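Start from the sequences and build out the full structure, keeping to the hints where you can.
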Amino acid sequence: MSASDDHHHPAPLSPVEVRAKALEDLLVEKGVVAPGVIDAVVDAYEHDIGPLNGARVVARAWADPVYRQRLLADGTAAIAEFGFGGPEGEHIVVVENTPTVHNVVVCTLCSCYPWPVLGLPPNWYKSAPYRARMVREPRRLLSEMGLDLPTSVEVRVWDSSAETRYMVLPERPAGTEAMSEEQLAALVTRDAMIGVARP
Amino acid sequence: MSSGVDRAVTQMSGAAAPPRRNGELVFDAPWQGRAFGLALAVTERLGLPWSQFQERLIAAIAAQPDAPYYDCWIAALERLVLDHGVASASELERARTGVRRAS
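Just so you know, the sequences run in chain order Z and Y.
Per the working numbering, residue 1 is the first one in the first sequence, and the count goes up by one each step.
Per the working numbering, residue 1001 is the first one in the second sequence, and the count goes up by one each step.
These are computed hints drawn from the structure, not numbers from a lab.
There may be inaccurate statements among the hints.
Stated by the list, open to error - Listed below are the simulated SDA-like cross-link pairs for lysine to any residue, each with C-alpha atoms no more than 25 Å apart in a straight line:
id : chain 1 : residue 1 : chain 2 : residue 2
1  : Z       : Lys126    : Z       : Leu52
2  : Z       : Lys30     : Y       : Arg1045
3  : Z       : Lys30     : Y       : Glu1091
4  : Z       : Lys126    : Z       : Leu147
5  : Z       : Lys30     : Y       : Gly1098
6  : Z       : Lys30     : Z       : Val16
7  : Z       : Lys30     : Y       : Leu1080
8  : Z       : Lys30     : Y       : Val1086
9  : Z       : Lys30     : Y       : Gln1054
10 : Z       : Lys126    : Y       : Phe1027
11 : Z       : Lys126    : Z       : Arg139
12 : Z       : Lys126    : Y       : Pro1030
13 : Z       : Lys126    : Z       : Glu137
14 : Z       : Lys30     : Y       : Ser1090
15 : Z       : Lys30     : Z       : Ala40
16 : Z       : Lys30     : Y       : Thr1097
17 : Z       : Lys126    : Z       : His91
18 : Z       : Lys30     : Y       : Leu1046
19 : Z       : Lys30     : Z       : Val18
20 : Z       : Lys30     : Y       : Leu1092
21 : Z       : Lys126    : Z       : Met145
Stated by the list, open to error - Which bits of chain Y does chain Z cover? Going by a derived footprint, with three or more residues having C-beta under 8 Å, they are:
id : segment
22 : 1038-1049
23 : 1076-1082
24 : 1085-1095
Said to hold, decoys possible - Stretch-level coverage of chain Z by chain Y, calculated; a stretch enters the list once three of its residues show a Cβ under 8 Å from a Cβ in chain Y:
id : segment
25 : 21-29
26 : 33-40
The structure presented is a predicted model; accordingly, all values stated were derived computationally and were not measured.
C-beta: ideal position from N, C-alpha, C; glycine also.
Given below as C-alpha cells:
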C-alpha cells in the first residue's frame, strides 16, 4: 500500500486519519512545521535508519573475510547472526561486486525487497520503468541514475521474488584499510546495496 | 534533526516502542508514516526533549490499551500540542471539520 494507491482508490478517511490530517494541517498553517520537513523526517527513517542494518552486515563482511565467506555462502544465516531476519523465512542471497562484475537488484513482478537489511523500498524501486528498464538496458539506466560503469565491467541483474531476495555486497572502497567496522558501515548506502550506486 | 531525538526515538521500549518487524519500523498505512514524521518535526521545532512526547504516548497507551499504536501516537501528539499552547482544542476541532469537508 503506497500513497499513490490511496490516490488512485480514494477511500473515506477513518476518524484517526481525520485527526492526523487535521493536526498536520493546523501545525503547517501555524508555521510550526513546514510540509517538506515531515517528508524529510520520514525519508531519513526510510533511507538511513532502516538500511543501517544492511550497512552493518556489509561492514562486517569487509572487515572479516571469514564472515564474508559465510555471508556469500548463506546470506540468510549470516545476516541472522546480527538478529536480522524474518519469520516468513525469506531467502536472502548476497551477490558480491568485484572489479569485473557489478550486480544490481530488481523485482520485475512487483517490489520484492530484502527489508530486514534494507528497510522500506524506495519509490523508484517499485516504479514500472525501473522494473522494466533494469532488465532491458541496465547499463543505460544505471548511467542515468549516476553510475557510469566501464564496458569492461559485466553487469549482472538479479530478479528478486517472494522466495529469493537479493542484496549486493559492494566493493570496499580504496583507502579504508584503517577504518573500524562502525566507520565502514557509515560508507554503505542503501543504493549501493541495491546496486544502483557505489559506496 | 538532532541526533539526540533520533537516538531517543530508536531507543523507545516497552509499550511505547513503535511497531517493528525485525528492527524495521512498520507503517500499516501512509498516514502513520506522516504521523511519525510530524511528531519528530514538532518536538524538534519546539525544542522539547523527546521524553515530552514519549510520556504522553505512554499515558495514551495506558488509557486505551487496546487502541492501535498510531491512534495513541496521534492522541499523544494532540496532547503535546494542547499542553504547550501551540493550538487550542477549538482550533483542532475546526481543522478536523475542514479535513472532513475536503475528503
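Status of each hint after checking the structure:
1. Z:Lys126 x Z:Leu52: 21 Å, holds
2. Z:Lys30 x Y:Arg1045: 12 Å, holds
3. Z:Lys30 x Y:Glu1091: 11 Å, holds
4. Z:Lys126 x Z:Leu147: 19 Å, holds
5. Z:Lys30 x Y:Gly1098: 15 Å, holds
6. Z:Lys30 x Z:Val16: Status holds; Cα separation ~21 Å.
7. Z:Lys30 x Y:Leu1080: 15 Å, holds
8. Z:Lys30 x Y:Val1086: 8 Å, holds
9. Z:Lys30 x Y:Gln1054: Distance ~23 Å between Lys30 of chain Z and Gln1054 of chain Y Cα, so the pair holds.
10. Z:Lys126 x Y:Phe1027: The hint holds at about 17 Å.
11. Z:Lys126 x Z:Arg139: Holds - the C-alpha atoms of Arg139 of chain Z and Lys126 of chain Z are around 19 Å apart, at most 25 Å.
12. Z:Lys126 x Y:Pro1030: Holds. Lys126 of chain Z to Pro1030 of chain Y sits at ~15 Å (cutoff 25 Å).
13. Z:Lys126 x Z:Glu137: Measuring from Cα to Cα gives roughly 17 Å; hence the hint holds.
14. Z:Lys30 x Y:Ser1090: Within the cut-off at roughly 14 Å; holds.
15. Z:Lys30 x Z:Ala40: It holds: about 19 Å lies between the C-alpha atoms, which stays within 25 Å.
16. Z:Lys30 x Y:Thr1097: 17 Å, holds
17. Z:Lys126 x Z:His91: Judged against 25 Å, a Cα distance of about 20 Å means the pair holds.
18. Z:Lys30 x Y:Leu1046: 13 Å, holds
19. Z:Lys30 x Z:Val18: Roughly 18 Å separates the two Cα atoms, so the pair holds.
20. Z:Lys30 x Y:Leu1092: 12 Å, holds
21. Z:Lys126 x Z:Met145: Holds: Lys126 of chain Z and Met145 of chain Z sit about 15 Å apart, inside 25 Å.
22. 1038-1049: holds (count 6)
23. 1076-1082: Since 3 is at least three, the answer is holds.
24. 1085-1095: n = 5 at 8 Å, threshold three: holds.
25. 21-29: holds (count 8)
26. 33-40: holds (count 5)
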